[in-house]
Amino acid sequence: MNKTYTSRYEMRVQQAYETHKQSGEPTYILGIETSCDETSASVVRDGKEVLSNVIASQADIHKRFGGVVPEVASRRHVENITLTIEEALEVAGKTLDDIHAIAVTYGPGLVGALLVGVAAAKAISLARGIPLIGVHHIAGHIYANRLVEEMNFPLIALVVSGGHTELVWMKEHGHFEILGETRDDAAGEAYDKVARALQMPYPGGPHIDRLAHEGVPNVPLPRSWLEPGSYDFSFSGLKSAVLNTLHNAAQRGESIEPANLAASFQDSVTEVLVEKTLRAVREHGAKQVLLAGGVAANRGLRERLQNRCQTEGIPLVIPPFTLCTDNAAMIAAAGFIKYEKGQFAALDLNGVPGLSLSDH
Amino acid sequence: MRVLAIDTSNLVLSVAIVDEERVLAEMTTNQQKNHSIRLMDCIAELMDATGTTPEQLSGLGVAKGPGSYTGVRIGVATAKSMAWSLNLPAVGVSSLQVVAMNAVGFPGLIVPLFDARRGQVYSGAYRTEGMESVILQEKEQIILLQDWLPLLREQAKGDPILFLGEDVSLHRQAIAEGLREQARFATPAHNHPRAAHIGYLALRQLQDGGNPHELVPEYLQLAEAEAKWLAQKQEGSAKE
Ligand SMILES: [Zn+2]
Numbered sequence: 001m002n003k004t005y006t007s008r009y010e011m012r013v014q015q016a017y018e019t020h021k022q023s024g025e026p027t028y029i030l031g032i033e034t035s036c037d038e039t040s041a042s043v044v045r046d047g048k049e050v051l052s053n054v055i056a057s058q059a060d061i062h063k064r065f066g067g068v069v070p071e072v073a074s075r076r077h078v079e080n081i082t083l084t085i086e087e088a089l090e091v092a093g094k095t096l097d098d099i100h101a102i103a104v105t106y107g108p109g110l111v112g113a114l115l116v117g118v119a120a121a122k123a124i125s126l127a128r129g130i131p132l133i134g135v136h137h138i139a140g141h142i143y144a145n146r147l148v149e150e151m152n153f154p155l156i157a158l159v160v161s162g163g164h165t166e167l168v169w170m171k172e173h174g175h176f177e178i179l180g181e182t183r184d185d186a187a188g189e190a191y192d193k194v195a196r197a198l199q200m201p202y203p204g205g206p207h208i209d210r211l212a213h214e215g216v217p218n219v220p221l222p223r224s225w226l227e228p229g230s231y232d233f234s235f236s237g238l239k240s241a242v243l244n245t246l247h248n249a250a251q252r253g254e255s256i257e258p259a260n261l262a263a264s265f266q267d268s269v270t271e272v273l274v275e276k277t278l279r280a281v282r283e284h285g286a287k288q289v290l291l292a293g294g295v296a297a298n299r300g301l302r303e304r305l306q307n308r309c310q311t312e313g314i315p316l317v318i319p320p321f322t323l324c325t326d327n328a329a330m331i332a333a334a335g336f337i338k339y340e341k342g343q344f345a346a347l348d349l350n351g352v353p354g355l356s357l358s359d360h
Numbered sequence: 361m362r363v364l365a366i367d368t369s370n371l372v373l374s375v376a377i378v379d380e381e382r383v384l385a386e387m388t389t390n391q392q393k394n395h396s397i398r399l400m401d402c403i404a405e406l407m408d409a410t411g412t413t414p415e416q417l418s419g420l421g422v423a424k425g426p427g428s429y430t431g432v433r434i435g436v437a438t439a440k441s442m443a444w445s446l447n448l449p450a451v452g453v454s455s456l457q458v459v460a461m462n463a464v465g466f467p468g469l470i471v472p473l474f475d476a477r478r479g480q481v482y483s484g485a486y487r488t489e490g491m492e493s494v495i496l497q498e499k500e501q502i503i504l505l506q507d508w509l510p511l512l513r514e515q516a517k518g519d520p521i522l523f524l525g526e527d528v529s530l531h532r533q534a535i536a537e538g539l540r541e542q543a544r545f546a547t548p549a550h551n552h553p554r555a556a557h558i559g560y561l562a563l564r565q566l567q568d569g570g571n572p573h574e575l576v577p578e579y580l581q582l583a584e585a586e587a588k589w590l591a592q593k594q595e596g597s598a599k600e
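In order, the protein sequence lines correspond to chains A and B.
Heads up, the final residue of the first sequence is numbered 360 in this note's numbering, and it's a clean run with no missing numbers.
Heads up, the final residue of the second sequence is numbered 600 in this note's numbering, and it's a clean run with no missing numbers.
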C-alpha cells in the first residue's frame, strides 16, 4: 500500500538522521529489550562502548513458578519499563536529547513481553522524533561480542540459550545465515529439564554445570549428530535418554551418581555443539568464532570450545556473563549497524514472536 | 491544556486530542485487534491533522483496563513512555468508566460490562453526576453475571438499569431474564468507548499531576499462575 502523505514524524526523523550524519559526532543508541523475563535498557556509543546496561531481572519472581510465566513477565515489564529506561540514561550521564536512535527487540520472544518494549520504543520515538530501529534478538546476542572485541569476517557464531540453539554464519555486518538450529528443545531447555529430573531448582543449567565438574562422564549417552552434513541440533532424545537411565536404574534398585550423570549429559551436549561449530568454521573459512547467549556462561561449554579453537588455531570471543544473558546493550550494538545504513522501522513495527533471523 | 487520550483496552481502538474547550480530533475503529500495529500511526495522524506537536501536549490519558491484558498493556506502555519522554503527567482511567460516560445523564444505574469468559464479566455500576461525569456506585470487579444481577437490582432501588458495552449482546438474554423490565439496552453507538471521554476524565485528574512511572494497568485479576501459587501457599500455611 502506498502512503499518501509523509507524516511530520517521518520528516523529523529523517532530518535528525541527516543532521547527525553530517556532524560526524559519535552515535548514542538507546537499546530496549523485553523479549523474555528481563526488562533492560542501555546506552551504547558507536555500537561498541557500553555506557550503561540496566537489567531489571524477574528471575526471583519466576523461580516460584518453575519457569517463566509469560503473563507475569509482561505485567512486570509494563511496571518497570520507563524506570529502567530512565535509569539507563542516568547511569550513562545522557538525556534523550543526546540519543540518536532507539533500538528495540521486536522478536523472537514472548509476544506479550515483546509488545511492551516495542510500544515504549515507538512512543518515545514519536514523541521525541528519534529514529526507531527494530532488532532481532539473536542478532543482539551475536553483537554482544562487538562490545568486547571487533568482529572479523567471515565468522561463525554459536548462539546457545534457554530459548535458542543456533549456528550462524556472517560474511559481513548485518548479514546472517542460519546454518543450523535446534529441531526440538533449545540446549538451555534440555539443561533445565535434566536438572528437574535430578531434582534441582529452576533454572537448572548452572546447577548441572557445577555438578558436572564434580563427576566423571562415565554414563553412556547418545550423541545426536543427525544426518551427515547437517548443522541442526536435537536435544530431546538426549534428555529422554537421561530420564530413561534414571528410571531404569531406579527399577533395578541401583543408584546413579548424579554428578556422573550430569557430567555425561554435559559431555554429550557440548561435544555436539563444539564439533558442529568447528566443522562450520572449516567449511566456511571463518576467521573468528563467537559464543553468545545465556548458556555461554556454562563452564563446560566454554572450556571445550576454548580448547578446540586453540588446537585449530581459530580466535574465539566469549563475552562476559552480563553480556551473554538477555540485555539491552547487545540490542543497541546490533541496532548501530542498521543505523549506519539508515534502516529505520516505521511506527507500525510489531512484536513478532517467531521472527526469523534471515528476515532481519 | 491539550490532552492526548488513548484506548486500546478492548477490540475498539480510540484516540483523541482534546482541550478544555473542544474535542480537536477523535478516531475510533471497531475492526481488528491489531492495536500494536495501528496505534502509533493513528496518533501521528491525529497530531498532524490538528497541527499538534508533541511539545504542545500537556498530559496524557489512557484507558488502564480492565480488558484484554495485551491491549491494556499496549495503551499503558505507550501513554507512560510518551509522557515520560516529554516530561508530562499521565493518568489512567477505568476502561469501564469510559463506556459508562456514553450514557451520562441517564436516570438510573449505568452498567458497563466486558465479557470475561466462563460466565464472568468485568463490570461496575455508575450513576450520573450532572452531565459531566459518572460516579461509581458499586465497585468494578470480575464477577459471575448470575451473581452480579441481584447485586445490581439491590443498588438500583427500583430505577432502570442500563447495560453498555460491545459484549452486552453476548449476555443480553441472561440479563433480560434476570432483571425483566428493569433492564435497558442502548444502540450500538453507545457501546463503544470513545477516547474523547478519556480526555475529559483525564483532564480532571491531570490537574493534580500523574507520575508516568506509576501508571500501571488495572487487570482486576491476578495472572492465573500467580493466583494458583498464592492459593497453594495459603493452603500450605493453613495446614501448618
Ligand atoms: Zn536471549
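It is worth saying that the hints were derived from the structure and are not from the lab.
Accuracy of the hints is not assured; some may be wrong.
Short, incomplete list of chain B residues facing chain A, as computed with Cβ under 10 Å [as the list claims (entries may be wrong)]:
#1 Thr413
#2 Arg433
#3 Tyr560
Here are some chain A residues pointing at chain B (derived, C-beta under 8 Å) [unchecked claim]:
#4 Arg8
#5 Met11
#6 Gly112
#7 Leu316
Treat the numbers as computed from the prediction; the structure is a model and nothing was measured.
No residue lacks a Cβ here, since even glycine has one placed at the ideal position from N, Cα and C.
Now the hints, each set against the structure:
At a threshold of 10 Å, the smallest CB-CB gap from B/Thr413 to chain A is about 8 Å, leaving the interface hint in force. Hint status for B/Arg433 relative to chain A: holds, with the closest Cβ pair at about 5 Å, below 10 Å. For B/Tyr560, the shortest C-beta to C-beta distance to chain A is roughly 22 Å, which exceeds 10 Å, and the interface hint is violated. The closest approach between the C-beta of A/Arg8 and any C-beta of chain B is roughly 5 Å, which is under the 8 Å cut-off, so the hint is satisfied.
Violation of the interface hint for A/Met11 is found here, the shortest Cβ-Cβ separation to chain B being roughly 10 Å, above the 8 Å cut-off. At its closest, the beta carbon of A/Gly112 sits 5 Å from a beta carbon of chain B; the interface hint therefore holds under the 8 Å criterion. Given the 8 Å rule on beta carbons, the hint for A/Leu316 is violated: about 39 Å separates it from the nearest Cβ of chain B.
This entry does not satisfy hints 3, 5 and 7, going by the numbered hints stated previously.
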